[in-house]
Amino acid sequence: MALKRIMPALLFDGRALVKTVRFKDPRYIGDPINAIKIYNEKEVDELVMLDIRATPERRPPNFDMIRECASECFMPFSYGGGVRTVDDFGRLYKLGVEKVIVNTLCLTAPEIVREATRQYGGTSVVASVDYKKRLLGGFQVHSTAGAKTKRGLVDHCRFLAEELGVGELLLYSVERDGTWSGYDLPTITEIGRAVSVPLIACGGAGSITDIRAVLEQTPANAAAIGSMAVYQKKGMGVLINFPRRDLILDEAVGEPA
Amino acid sequence: MIAIVDYDMGNVASVANMLKRVGVSDAILTREPEAIRRADKIILPGVGAFERGMRNLRDFGLIGVLNECALGRKVPVLGICLGMQLLASASDEGEGAGLGWIDAQAKRFEFASESPLKVPHMGWNYAIPTRANPLIPAAPRSRFYFVHAYHVACAHEEDVLATSEYGGAFACAVNRDNVYGVQFHPEKSHRFGRTLFEGFVSL
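Chains as they are written, first to last, in the numbering used here: chain R, 62 to 318; chain U, 1182 to 1384.
Since the hints were made in silico from the structure, they are not lab data. Among the hints, erroneous ones may be present.
[As the list claims (entries may be wrong)] Only pairs whose alpha carbons sit at most 30 Å apart, straight line, appear in this in silico DSBU-like list of lysine-lysine:
| no. | chain 1 | residue 1 | chain 2 | residue 2 |
| --- | --- | --- | --- | --- |
| 1 | U | LYS1222 | U | LYS1299 |
| 2 | U | LYS1299 | R | LYS155 |
| 3 | R | LYS98 | U | LYS1288 |
[To be verified] The following residues of chain R were derived to be distant from chain U, with all beta-carbon distances above 12 Å:
| no. | residue |
| --- | --- |
| 4 | ARG66 |
| 5 | ILE173 |
| 6 | GLY183 |
| 7 | GLY198 |
| 8 | SER204 |
| 9 | LYS211 |
| 10 | ARG212 |
| 11 | ALA274 |
[Stated by the list, open to error] Rough simulated footprint, nothing fancy, chain U against chain R, three-plus residues with beta-carbon under 8 Å:
| no. | region |
| --- | --- |
| 12 | 128-134 |
| 13 | 153-165 |
| 14 | 294-303 |
Every residue, glycine too, gets a C-beta built ideally from N, C-alpha and C.
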């Protein structure tokens, strides 16, 4: 059985790494290559990088930067942001990206995502789902780029896994982003019951306890960490860091460290 | 000099970087038969389909020189991922023979539809060595990053260098004489991968 994973989720704005709170107020963090070198030392299981401005600015992925990042990564590298064509997928894999992450594209041109999973295999494609509370209760799919879907959150997740064939879902809670308030355990559990693909939980990690909770108490196969991986502590300065894997994964999650 | 064979089967820059990281300054990415002939170690990486991998080796005119080095002059060779599967005699994934340096067949993982195990096997997993060897120590336990739908089934048990568990034990590393193959990606596996490359470099 593949082991559970803990990974930094880095946000890129086209020039530098940034960190948001509830998807707003991006704060400057630093240079991606420097950060990657530190995460190599910390032996993170995987690295997620999302260019959060590419699609809203109608900009293609920054291929040069991605090539540089991929070749510095001594761990699997997943990239998302600005992917629009099947060729974009192919080009990213060639640069050394292990998994391409798509979000808006699943809403605006699902046939391209389906074609990419057919050509490159579902395990090379991750769908990122940003979601937030609906005014009248429940959750809805959120798109920074303004794309819309009529499907509810769970139905959308099912659609991505079953109709588009993506191999993994990155579930990102908008309300918890940057808040250090813990993962959204109920929603992750609900989606885990509805789909059979692996889930990466994202949004809210504030402590080792939070990370253990999501890996122990929900079907999530992986925990992504934003603020905790780039700040010293809540409200404090930038510090690229990462919790020790062996302090989190042990018998408690069915995995001797 | 270490030759990393670049035969258009995926990105190989991270293999070169990992070698740099373990202090190798003379590794080259190449598809020139002459360069491969001069190498004192050869790495055959690769991601993708078996048949296309063999076709590319043939189209670049590399099969003769690879046979000469690996079988004739016993140059240490390390196959990675698809590179390991190409060491086998054949694969269920496609027509035609592999390099045949290891008597083995690449087979697809098959699980019942209700099984929680997915194909491909993707993610981190432990590699348990079958014997003392310079690439994968028994302790501390090594974990590596895998992405593969096919695994190599060896005809001779003594060719299995290490196993991993995925719906049963499978050979995640093979070795016969100077020929080594690993199913996982040591170049994406941190210090466990570094240790493996250090071991290979020191052969």
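- Under a C-beta cut-off of less than 8 Å, do 3 or more residues of the region 128-134 of chain R approach chain U closely enough to confirm the stated coverage? n = 5 at 8 Å, threshold three: holds.
- Straight-line alpha-carbon gap U:LYS1222 to U:LYS1299, limit 30 Å: Judged against 30 Å, a Cα distance of about 35 Å means the pair is violated.
- Query: Straight-line Cα separation of U:LYS1299 and R:LYS155 no greater than 30 Å?
  - Reply: Holds, at about 24 Å.
- Item | Verdict on R:ARG212 as a residue remote from chain U, using beta-carbon distances over 12 Å | Check passes; 24 Å lies beyond 12 Å.
- Beyond 12 Å from chain U, beta-carbon-wise, is R:GLY198? 32 Å, holds
- Item | Within 8 Å of chain U's CB atoms, at least three CB atoms from the region 294-303 of chain R: coverage verdict | Three-residue rule not met by the region 294-303 of chain R, so violated; n is 0.
- Mind taking a look at whether chain U covers the region 153-165 of chain R? Criterion is 3 or more residues with CB to CB distance under 8 Å. holds (count 5)
- Message: Tell me if the straight-line CA distance from R:LYS98 to U:LYS1288 falls inside 30 Å.
- Response: Violated. R:LYS98 to U:LYS1288 sits at ~37 Å, over the 30 Å cutoff.
- Say whether it holds or is violated: R:SER204 keeps its Cβ farther than 12 Å from all Cβ of chain U. Fine: 27 Å to the nearest Cβ keeps R:SER204 off the interface.
- R:GLY183: least C-beta distance to chain U exceeds 12 Å? It is violated; R:GLY183 is separated from chain U by about 9 Å at its closest Cβ, not greater than 12 Å.
- Confirm or reject the statement that R:ILE173 sits farther than 12 Å, beta carbon to beta carbon, from all of chain U. Holds, since 21 Å exceeds 12 Å.
- Item | Outside-interface status for R:ARG66 - nearest CB in chain U farther than 12 Å | Check fails; 7 Å does not lie beyond 12 Å.
Hints 1, 3, 4, 6 and 14, counting from the list given before, are not met by this structure.
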